[in-house]
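Protein chains in written order, with the UniProt record's numbering: chain A, 1 to 258; chain B, 1 to 258; chain C, 1 to 258; chain D, 1 to 258.
Errors might be hidden in some of the hints.
Given that identical chains are not distinguished, each listed pair holds provided it fits within a single copy or across any two copies.
[Said to hold, decoys possible] Straight-line Cα separation of at most 16 Å, EDC-like style, residue types lysine to aspartate or glutamate; simulated pairs:
no., residue 1, residue 2
1, K151, E182
2, K4, E242
3, K161, E26
4, K129, E180
5, K245, D63
6, K136, E242
7, K4, E174
8, K24, E255
Since the hints were made in silico from the structure, they are not lab data.
4 protein chains.
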Amino acid sequence: MVIKVAIAGPRGRMGKEAVATIIKNEEFLLVGLLDHKKEEENVGNNIPIFTSLEELIEQTEPDVLVDLTIPTAVFGHAMTALQYGVRPVIGTTGFTDLQLDEIRQKVEEKQIGCLIAPNFSIGAVLMMKFAQTAAKYLPDVEIIEMHHDRKVDAPSGTAIKTAQMIQDTRNPFEQGHPDEEEIFAGARGANIEGMHIHSVRLPGLVAHQQVLLGGEGQLLTIRHDSFDRTSFMSGIVLSIHEIMKQNTLIYGLEEIIL
Amino acid sequence: MVIKVAIAGPRGRMGKEAVATIIKNEEFLLVGLLDHKKEEENVGNNIPIFTSLEELIEQTEPDVLVDLTIPTAVFGHAMTALQYGVRPVIGTTGFTDLQLDEIRQKVEEKQIGCLIAPNFSIGAVLMMKFAQTAAKYLPDVEIIEMHHDRKVDAPSGTAIKTAQMIQDTRNPFEQGHPDEEEIFAGARGANIEGMHIHSVRLPGLVAHQQVLLGGEGQLLTIRHDSFDRTSFMSGIVLSIHEIMKQNTLIYGLEEIIL
Amino acid sequence: MVIKVAIAGPRGRMGKEAVATIIKNEEFLLVGLLDHKKEEENVGNNIPIFTSLEELIEQTEPDVLVDLTIPTAVFGHAMTALQYGVRPVIGTTGFTDLQLDEIRQKVEEKQIGCLIAPNFSIGAVLMMKFAQTAAKYLPDVEIIEMHHDRKVDAPSGTAIKTAQMIQDTRNPFEQGHPDEEEIFAGARGANIEGMHIHSVRLPGLVAHQQVLLGGEGQLLTIRHDSFDRTSFMSGIVLSIHEIMKQNTLIYGLEEIIL
Amino acid sequence: MVIKVAIAGPRGRMGKEAVATIIKNEEFLLVGLLDHKKEEENVGNNIPIFTSLEELIEQTEPDVLVDLTIPTAVFGHAMTALQYGVRPVIGTTGFTDLQLDEIRQKVEEKQIGCLIAPNFSIGAVLMMKFAQTAAKYLPDVEIIEMHHDRKVDAPSGTAIKTAQMIQDTRNPFEQGHPDEEEIFAGARGANIEGMHIHSVRLPGLVAHQQVLLGGEGQLLTIRHDSFDRTSFMSGIVLSIHEIMKQNTLIYGLEEIIL
Numbered sequence: 001m002v003i004k005v006a007i008a009g010p011r012g013r014m015g016k017e018a019v020a021t022i023i024k025n026e027e028f029l030l031v032g033l034l035d036h037k038k039e040e041e042n043v044g045n046n047i048p049i050f051t052s053l054e055e056l057i058e059q060t061e062p063d064v065l066v067d068l069t070i071p072t073a074v075f076g077h078a079m080t081a082l083q084y085g086v087r088p089v090i091g092t093t094g095f096t097d098l099q100l101d102e103i104r105q106k107v108e109e110k111q112i113g114c115l116i117a118p119n120f121s122i123g124a125v126l127m128m129k130f131a132q133t134a135a136k137y138l139p140d141v142e143i144i145e146m147h148h149d150r151k152v153d154a155p156s157g158t159a160i161k162t163a164q165m166i167q168d169t170r171n172p173f174e175q176g177h178p179d180e181e182e183i184f185a186g187a188r189g190a191n192i193e194g195m196h197i198h199s200v201r202l203p204g205l206v207a208h209q210q211v212l213l214g215g216e217g218q219l220l221t222i223r224h225d226s227f228d229r230t231s232f233m234s235g236i237v238l239s240i241h242e243i244m245k246q247n248t249l250i251y252g253l254e255e256i257i258l
Numbered sequence: 001m002v003i004k005v006a007i008a009g010p011r012g013r014m015g016k017e018a019v020a021t022i023i024k025n026e027e028f029l030l031v032g033l034l035d036h037k038k039e040e041e042n043v044g045n046n047i048p049i050f051t052s053l054e055e056l057i058e059q060t061e062p063d064v065l066v067d068l069t070i071p072t073a074v075f076g077h078a079m080t081a082l083q084y085g086v087r088p089v090i091g092t093t094g095f096t097d098l099q100l101d102e103i104r105q106k107v108e109e110k111q112i113g114c115l116i117a118p119n120f121s122i123g124a125v126l127m128m129k130f131a132q133t134a135a136k137y138l139p140d141v142e143i144i145e146m147h148h149d150r151k152v153d154a155p156s157g158t159a160i161k162t163a164q165m166i167q168d169t170r171n172p173f174e175q176g177h178p179d180e181e182e183i184f185a186g187a188r189g190a191n192i193e194g195m196h197i198h199s200v201r202l203p204g205l206v207a208h209q210q211v212l213l214g215g216e217g218q219l220l221t222i223r224h225d226s227f228d229r230t231s232f233m234s235g236i237v238l239s240i241h242e243i244m245k246q247n248t249l250i251y252g253l254e255e256i257i258l
Numbered sequence: 001m002v003i004k005v006a007i008a009g010p011r012g013r014m015g016k017e018a019v020a021t022i023i024k025n026e027e028f029l030l031v032g033l034l035d036h037k038k039e040e041e042n043v044g045n046n047i048p049i050f051t052s053l054e055e056l057i058e059q060t061e062p063d064v065l066v067d068l069t070i071p072t073a074v075f076g077h078a079m080t081a082l083q084y085g086v087r088p089v090i091g092t093t094g095f096t097d098l099q100l101d102e103i104r105q106k107v108e109e110k111q112i113g114c115l116i117a118p119n120f121s122i123g124a125v126l127m128m129k130f131a132q133t134a135a136k137y138l139p140d141v142e143i144i145e146m147h148h149d150r151k152v153d154a155p156s157g158t159a160i161k162t163a164q165m166i167q168d169t170r171n172p173f174e175q176g177h178p179d180e181e182e183i184f185a186g187a188r189g190a191n192i193e194g195m196h197i198h199s200v201r202l203p204g205l206v207a208h209q210q211v212l213l214g215g216e217g218q219l220l221t222i223r224h225d226s227f228d229r230t231s232f233m234s235g236i237v238l239s240i241h242e243i244m245k246q247n248t249l250i251y252g253l254e255e256i257i258l
Numbered sequence: 001m002v003i004k005v006a007i008a009g010p011r012g013r014m015g016k017e018a019v020a021t022i023i024k025n026e027e028f029l030l031v032g033l034l035d036h037k038k039e040e041e042n043v044g045n046n047i048p049i050f051t052s053l054e055e056l057i058e059q060t061e062p063d064v065l066v067d068l069t070i071p072t073a074v075f076g077h078a079m080t081a082l083q084y085g086v087r088p089v090i091g092t093t094g095f096t097d098l099q100l101d102e103i104r105q106k107v108e109e110k111q112i113g114c115l116i117a118p119n120f121s122i123g124a125v126l127m128m129k130f131a132q133t134a135a136k137y138l139p140d141v142e143i144i145e146m147h148h149d150r151k152v153d154a155p156s157g158t159a160i161k162t163a164q165m166i167q168d169t170r171n172p173f174e175q176g177h178p179d180e181e182e183i184f185a186g187a188r189g190a191n192i193e194g195m196h197i198h199s200v201r202l203p204g205l206v207a208h209q210q211v212l213l214g215g216e217g218q219l220l221t222i223r224h225d226s227f228d229r230t231s232f233m234s235g236i237v238l239s240i241h242e243i244m245k246q247n248t249l250i251y252g253l254e255e256i257i258l
């Protein structure tokens, strides 16, 4: 059965890729686009563009709404879609707890799935889950994340999240030699719950992370390289398929993987 | 509660490491050693040496027998140990199906655990399991295994086993470009069920393997480096703890991990 | 002093990047573009477009002609440019020996530099040179090159060239164990002069190569990752600067590096 | 011609390896050992042991003295050896400038070579030299060094030396985003002349370093793995051969490599 998909936010960088991905996938039919303007109607190869979600749903009857718009718009979209029986797949964060509760209630009332994924990269989610599992057996962990030098903050959100996930698994302890001494400050990286995190910033790099887990006589390395934003597309495809089988609110791709 | 451990084969390379590991672990008490000769009685820091397993068990009453001897001896040891209610942890392969059946029957009769592990390296087992799981989502896989140049056979047993485990998960397909052409024969490596495996042999290397899983715009790499045989010790320690809680025949460390 | 640059082939993928690179570099002035059609005159931000190289040179008086067109056109361009005293920087291969001789004669006659570079990637050239040098001291070498799975031929041209450069340095010998045995054919890769080369092809990959040099107790790895074609731009910039100081025919970026 | 070699400090960890290396190399003849005690005369397979360097030289007439003793002893050994016309190959640091001057004078007087190498690892020296050269073209550099977690100081001496060598090549500048912000302190590592250095410490690791050089669209990585101390032996062998051809004081393996 072909799944009918609508996309909100088709003009952004992620949105453009998503339009292309849905169009070329034979298991999906791209029925409509939601945008804040209607001008260039040909953005999605003659896919009809709407500025009202209600109108889009009534005229095109999608099964799933893939929402790649900004946080301020996305809550309203999700509530409307659910009300109409359309399953939202949302690629943003920034919901308040209150908003999440409202979405969860609506999901329960309508008995259809809704998926919110801060990170649509299947590879990154697998890396984090594997690191969490491995740390049960090899609890000495360091994380090296590497990004282009236009990135301002360090460590990356993914590195911090990885450390937090590992921390749920292992007993906290201070790694390294107890008398460890930094000849130059910062050499041993950031310390999150005894784990050390290192942030490399270089021109040319895209988005890379490796988790190193050391044990007597061995090293296990789990590395994810994201070369461009098409890496998010397989996660969106998986989410659309999966949300058709679900009837709860799912937060994070990790809930439907493994 | 301290677990009483006996070791068969204490003079081999693995055996020596195991003796040292058990002695320094406070949760274990090394009560006896089984060897084919009794000469250098001080091999294990005054641990008594026996040439008869029955005698060893009767005099020292171990909870667990760690068996690191050769395949020909190990079946008899396992049956004797089980008969006396001692749980075997066996680091070898080469059992016939008939022998495995006999062990399984004895295990059921005695209702105590028995563990056979062809590979005691926790990191290597985690790598294989993670690769198997990841291939569900990223089915394009290549394996690069790297060993010292005194290794005769290629690919390594671990690489072949990894490919077989992945093959259980994914639908078989031929990877790479359909018109792929080798300008120099062998460039694309060995082809196992459509997966490509590459064997690097260089002086200096020890034992390393990486599994590369590619998807649109991304690469997930799971790598294990084994620097020396102490890497097997954490697997032996884990097995001893775990076998005390089991009452079946367990084949492969992967059964008690994750 | 600002260097006046003309670009032949501004509409191709490399050409577009080159136009952008030259425009934003303050040490260069992009004076004209050579194309086979004049239509979209605004291709280069109001840079004048010519279909005749002579006309371009007479009207814009460039110091350097960067030629990114196809092999069939490039020889004529080079001879014309040299005749007018314009230094060619050529990013293609495929000259016959006879053509190279003619260019060399013209270069000598005019006493100005001309640079032909099959590979403008500084990183790749450094990798090859370093591998060549290192192989003098660590002669056991294996090469792993990794590309997207739309690449048909294996090994890559860069891998073959690297092997040839190393071969010039070291005494040829068969690496690996003399009794080496492939359980699955191809495991040990392609054999070029005793060196083993492995070609990985996966979706997501771009263009990557690592040269591994092993010695007793150690491994030296020289790796180059090319993430997109902007990686060629720094080589073009370097070539333009360098060719202004030269008065010979230079073949290969390696001649002006190190 | 076979080179006659004596070794000072044959009982240390490096010394034992050196004895084995010299004995099995057919181009060398191990003629004598210098030690502080004469007891276990069989340390070097019946190689005569001396407690006096003068006596050793007079009785065994070595061409080269490989000195692997402690800094306090080594200056005296070097001066004595040179006085007798024996070429010292010294694997230690810690000479005062005054001592170096004295050695240099004696070398000039005697017109024979003397080599002092703080690091006998050919691979590590190649890594440092290549990094230095590459930074001319790709000046954005980060260093990741990784050692076992029994190492107290960070960064490693090799990492600091690498940064200093690169600093001699490139114009100093602050790498990364000008508004860079550490959410957790230390994430961006130690800052040496604008370069960032990261020190990983994990059980299982031995001694590893990678130098990452980023440019637009590309990354060049130079990595050295030292798996055990046999990695120093090829440097000692090279030094013995090389010092026979020299008649000056050579400081650092890098002087005779490349």
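Margin query: Within, between, both or neither: how does the pair K136, E242 come out at a Cα-Cα threshold of 16 Å?
Written below: between (29 Å within a copy, 14 Å between copies)
Margin query: As a check of your reading, is K245 near D63 (CA-CA no more than 16 Å) within one copy, between copies, both or neither?
Written below: within (12 Å within a copy, 49 Å between copies)
Check: At most 16 Å between C-alpha atoms: does K161 with E26 qualify within a copy, between copies, both, or neither?
Finding: neither (35 Å within a copy, 35 Å between copies)
Check: 16 Å Cα cut-off: does K151 pair with E182 within a copy, between copies, both or neither?
Finding: Answer is between; shortest inter-copy Cα gap is 11 Å, intra-copy 26 Å.
Margin query: At most 16 Å between alpha carbons: which applies to K24 and E255, within, between, both or neither?
Written below: Neither. Shortest intra-copy (26 Å) and inter-copy (41 Å) distances fail the 16 Å Cα cut-off.
Next item on the list: Give the relationship of K4 and E242 under a CA distance limit of 16 Å: within one copy only, between copies only, both, or neither.
Entry: within (14 Å within a copy, 50 Å between copies)
Item checked: Same-copy or cross-copy closeness of K129 to E180 [CA-CA at most 16 Å] -> neither (30 Å within a copy, 29 Å between copies)
Check: Checking K4 and E174: alpha-carbon separation at most 16 Å within a copy, between copies, both or neither?
Finding: neither (51 Å within a copy, 31 Å between copies)
Violated hints, in rising order: 3, 4, 7, 8; the structure is consistent with all others.
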